[in-house]
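What follows is each chain in one-letter form.
2 protein chains.
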Amino acid sequence: MTRDPAELLAAAGEGSRAALARLITYVESGGPSQRATIELAYRAPSPYVVGLTGPPGAGKSTLTDRLIAEALGGELDEIGVLCVDPSSPFTGGAILGDRIRMQDHATDERVFIRSMATRGALGGLSLAVPDALRVLGAAGFPVALVETVGVGQMEVDVAGAADTTIVVTNPGWGDAMQANKAGLLEVADIFVINKADRPGVRETRRDLEQMLDLGTAKDPRPPILETVASTGEGVAELWSAILEHRRSIEGPRHAEHRRALASAALERVLGVLWRARLAEIAEGQAYEDQVSAIVDGRTDPYRAAETLLSSS
Amino acid sequence: MTRDPAELLAAAGEGSRAALARLITYVESGGPSQRATIELAYRAPSPYVVGLTGPPGAGKSTLTDRLIAEALGGELDEIGVLCVDPSSPFTGGAILGDRIRMQDHATDERVFIRSMATRGALGGLSLAVPDALRVLGAAGFPVALVETVGVGQMEVDVAGAADTTIVVTNPGWGDAMQANKAGLLEVADIFVINKADRPGVRETRRDLEQMLDLGTAKDPRPPILETVASTGEGVAELWSAILEHRRSIEGPRHAEHRRALASAALERVLGVLWRARLAEIAEGQAYEDQVSAIVDGRTDPYRAAETLLSSS
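Read top to bottom, the protein sequences are chains S and X.
Going by this note's numbering, the first residue of the first sequence is number 200, and it counts up by one from there.
Going by this note's numbering, the first residue of the second sequence is number 200, and it counts up by one from there.
If you are wondering where the hints come from, they were derived from the structure by calculation, not from laboratory data.
Don't take every hint at face value.
One side only, chain X facing chain S, incomplete, derived with CB under 8 Å [unchecked claim]:
(1) Trp-473
(2) Ile-493
(3) Val-494
(4) Asp-499
Because the structure is a prediction, the values reported are computed rather than measured.
In this text, a Cβ means the ideal position worked out from N, Cα and C, and glycines have one as well.
Isolated chain S (complex conformation) (with noise of 0.2 Å):
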């Protein structure tokens, strides 16, 4: 296979998942295919996005499945799903669990399914999603999906992404839901009470609505979905209640979404454009110089930074 991104592209577009799942490689990894694969994906329009988050055990990988199939027998030929792993070290046989039951779909030709892992604190690879999104975009996909656990900033950084947010929960969450109460309402498009058949819908519900009147809550107001997705129950009308969403940000809010994407892109590849910098001057004799001095008690670490950066 060629390792031109420009005719990955093109192979993509019609039709290639090898070429896809190479494209989205090289937007993971840096370099010049990194840089030349956003060049050409950020030509083409966006893919409409939906993010899924909340926290594991949420349903929210089979809850993805179901909403796969339900878009699949609906308007859209083809579907995209990126799937976000938090690296989680105490949690990892839960993910490769969902991994796995997510392949209901790895044989459906009309599905690319892929997991994106996230890497350290700093400039992980969670921050490649936005771009793997425009790659998607740029091979043909009308819609995507991204998938994420819940964790601290993460499901911010996701939804920024997203144009409809999807919170989804659990009956009987009401004290983890307070706990990041302004984080889920900054977020959350749409909440989703997933294994609604188990106790505690109404007590969830109740606690949803209290949050919504007493914060500061996106416009339109969510609506509050009730899902079981290990059977199917609720999930057409929670796509129904994407699809509502879809059409309610059209026009002047969806253009100022779209430049905050691009903000947000922007503030990525200069963030790029640094790390790139700085491992040039770590390599040097210079930076090896300031490391002593700061051993020495010399100098300290912001002249030491001052010094390098003035001198490269």
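Fit chain X to the supplied structure of chain S, relying on the hints for placement.
Below, chain X alone, put in the same frame as chain S:
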């Protein structure tokens, strides 16, 4: 109280906890006070840093509590403690409980305890921890403890700032440890099986020994200790093991470690300066123009970023 970092540091050296707290706020918060504080802090020797890490619920706070008492009962006159709280949205309660528990020492004049939050993925507050440790050193603390919940990268980051790193586990955690084997081996100078009055100690010890046999552990080989933090059992032995490790790393190896710390500090400050530059760029009209160009598909984020960097 004065706002001048040099005066605050003098006051902190004479025992003013309020002055010390303000200096740590400075290193967390950015701006000229951060800079002045870091400049001062790095001119003084570093404290000896003991790091405790491990997953939520391992009993780190109780163990830290006991170690404080043990240290103060022995050779130390005072001790500084930093608690790094990951902003994990779904475990708020437990963390709060930990902090309250550690308030056993809140009224002890010889103990300075400070919680430091972490924020977001990029440039989070955990980056300020090494600088805060240097502030403790400059204020005259010979030893500092850092306690952090091991989630993903953070344990590695904080261990990078510690001279002796203790990884706290519990009986029955074989599988969980297996998932993060490389990370644990990379950071641990001492393994502790806390809650050792519970079943499964022997299996956990066996799993740890196997990890140490098969992986590339630190040198000297990390001892495996058993504690029951709730009763204090094994804590004296743990403190002895810390002192033993401290003796073992004196000499050239320690110089290398200090160099790594200085290099990390330098990288952090380079990041601070970069973020300042980024903020400056993002405020200009040129930035808005480039965002518009990306939205319209007239440019891509790479070209836009290079334009901004070359003209600023």
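Evaluated hints:
Taking 8 Å as the C-beta contact cut-off toward chain S, the hint placing Trp-473/X at the interface holds, the least distance being around 5 Å. Evaluation of the Ile-493/X hint against chain S yields a held restraint, the C-beta minimum of about 4 Å falling below 8 Å. Satisfaction of the interface hint for Val-494/X is found here, the shortest Cβ-Cβ separation to chain S being roughly 5 Å, below the 8 Å cut-off. Among the interface hints, the one on Asp-499/X holds; its C-beta lies about 4 Å from the nearest C-beta in chain S, closer than the 8 Å criterion.
Checked against the numbered hints above, the structure violates none of them.
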